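K.L.:
Protein sequences, first through last, are from chains Z and G.
Residue numbers for the first sequence follow this note's numbering, beginning at 3 and rising by one.
Residue numbers for the second sequence follow this note's numbering, beginning at 1069 and rising by one.
For the record, the hints were derived by calculation from the structure and aren't laboratory data.
Remember, it's a predicted structure, so these values are computed and weren't measured experimentally.
Idealized CB from N, CA, C, for every residue including glycine.
It is possible that some hints are incorrect.
[To be verified] The calculated DMTMM-like cross-link candidates involving lysine to aspartate or glutamate, where the alpha carbons are at most 20 Å apart (straight line), are:
| no. | chain 1 | residue 1 | chain 2 | residue 2 |
| --- | --- | --- | --- | --- |
| 1 | Z | K31 | Z | E4 |
| 2 | Z | K80 | G | D1206 |
| 3 | G | K1240 | Z | D94 |
[Said to hold, decoys possible] Short derived list, chain Z residues pointing at chain G, Cβ under 7 Å:
| no. | residue |
| --- | --- |
| 4 | V81 |
| 5 | D94 |
| 6 | S97 |
| 7 | V100 |
| 8 | L102 |
| 9 | S111 |
| 10 | L113 |
| 11 | H115 |
| 12 | S174 |
| 13 | Y195 |
[Claimed, not checked] If you want the ones that stay clear, here's a sample from chain Z, every Cβ over 12 Å from chain G, calculated:
| no. | residue |
| --- | --- |
| 14 | K70 |
| 15 | G78 |
| 16 | G89 |
| 17 | Y95 |
| 18 | E96 |
| 19 | E107 |
| 20 | A109 |
| 21 | E165 |
| 22 | P178 |
| 23 | G196 |
| 24 | Y212 |
| 25 | T214 |
| 26 | E221 |
| 27 | A223 |
| 28 | A236 |
| 29 | V242 |
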Amino acid sequence: MENVIQLENFYFAYKRSDLVLRDIDLNIKKGSFTVIAGPSGAGKTTLCKAMTGIVPYYMGGRYSGDVKVLGESTKGKKVSDIAMRVGFIMEDYESQLVSLTAGEEVAFSLLNHGFAPAEVAERTRKALEDVGLPGRESYQLDELSGGQRQRLLLASVLAVHPEIIVLDEPVSAMDPDGAISLYKLVYDIHRRYGTTIVVVEHRTDYLLPYATDMIVLKEGAVVAADKFELAAPAMYADEVLRPLLPSLWQVKLGLEERFGVKLGDWRNEKDALADLKAQGFERRAD
Amino acid sequence: MKLTAFTQIIVTIAVTAWVFILPVEAVATILVLELALLLYIKHDKMTMAAIGGLAVFTGMMVLLQLLFGTSLSLALIGGLRMLVMTMAFLCMLAATRIQDIAKALVDRFCLPCEYAFMLTTALRFVPNFLTDSEITLDAQSCRGYSNRGNIIKRFLAYLVVIRPLVMRAVAKSETLALSMELKGFGGNTYKNMPSEPLGLADYLVLLLVVVLSTYPFWINSIQNL
């Protein structure tokens, strides 16, 4: 499968800091739904910034190695030009909304890149429709709820038709229902348009039904970068990383270890129950 | 009749000049017209509060002038002038979207886009800043912050609220800057926005502005005839 993002022996340190990323060597496959997990301070956000050209070219710092996005090195590229192909949503969604109305917010990037007004209007309409905010072009931002603003931010990224969307803990300030609904929407976009998705998330339970690949970071280095079902055991083997696995997979890998059985690729409770039943595990009343 | 943001800015600038060149009676008439216009455009609670606040501020200014020995008539004229000038800005803000004002400032007055964008950004982030200040105040109150004591004590105590608030604002501004960079903010931002062409109403109002602004010249010419 074609790689859309490639990091080759990438090292990075911010100005006046120690190494944040060490010898990162990984590939993100086209059309994948990749989850980046790891403890706080592992370098997840910096890795996202490296994928979008912000690190090191916007923020500065020391680096070695190379980052290739869609076959081209990010070296010497303008952040906004990379953003036309790789959408990036940071953690604090509130501070990323720069306009006063929903329509202006979505149109902002398009106008800056010189799209014709008719196309801007059409793309804005379509992007708002895609995120479940149809006809809200004239809404003031304070007329939208937190969840709707998060969706609006996603619409502003979608409007430029990026091939990759990188999301850095997009639901950290949301309630569980809002988080589930946003990830469902992201997955829907991934399926409908074939967009490659890269998500940094602490609460990996939300992403279990959708994740195809997983990158695990610890202290700035890659612990595992593979298909989800292959990376999860590496995470389980490390006691620090184990709690970051989806709860169902902690149970699954625990059972496999304890009873020496091979269980299936659980993506939800229904899969788990069916598999356990098939393996002869029985429900006990006590 | 809808005036473009450009015309409204010109009228506002002109009004601030007129208060110095037109007779007091004419300035007072402008004030009445401004009040009527403002209440016609918007008559919500916020507008009333703004008018009330301006009136109180004008009263304080008049009092201050009287305290420094200015005659009553001069103090009143000074207050009237200030009131008319600020009311003109209030009318402009009530009648025009801030985005249109920013665009007109960039397109027609060659204001750098960064400064124009500050106008909209300031308006966009005021509610966020107020929410943040409430959150910080509550958090620090839980940690023992109290606003009791004399004014100096209260000011010093308030520093524990100001410090984290400023840090939050700086962090947010960094995210905003990065977000603008990602979205390609720059010279094209205003250039590519749909522009407002001047209409008949704009030309008529601009003509009136020219006539009233040259009042001292043509009134002298008429008197000399």
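K.L.:
Now look at each hint and say whether the structure bears it out.
P.N.:
Hint check results:
no. : hint               : result
1   : K31(Z) to E4(Z)    : holds, 6 Å
2   : K80(Z) to D1206(G) : violated, 42 Å
3   : K1240(G) to D94(Z) : holds, 8 Å
4   : V81                : holds, 5 Å
5   : D94                : holds, 5 Å
6   : S97                : holds, 4 Å
7   : V100               : holds, 6 Å
8   : L102               : holds, 6 Å
9   : S111               : holds, 4 Å
10  : L113               : holds, 4 Å
11  : H115               : holds, 5 Å
12  : S174               : violated, 13 Å
13  : Y195               : violated, 20 Å
14  : K70                : holds, 19 Å
15  : G78                : holds, 15 Å
16  : G89                : violated, 8 Å
17  : Y95                : violated, 9 Å
18  : E96                : violated, 6 Å
19  : E107               : violated, 9 Å
20  : A109               : violated, 9 Å
21  : E165               : holds, 15 Å
22  : P178               : holds, 22 Å
23  : G196               : holds, 22 Å
24  : Y212               : holds, 24 Å
25  : T214               : holds, 26 Å
26  : E221               : holds, 24 Å
27  : A223               : holds, 25 Å
28  : A236               : holds, 32 Å
29  : V242               : holds, 28 Å
In this structure, the hints that do not hold are numbers 2, 12, 13, 16, 17, 18, 19 and 20, in rising order.
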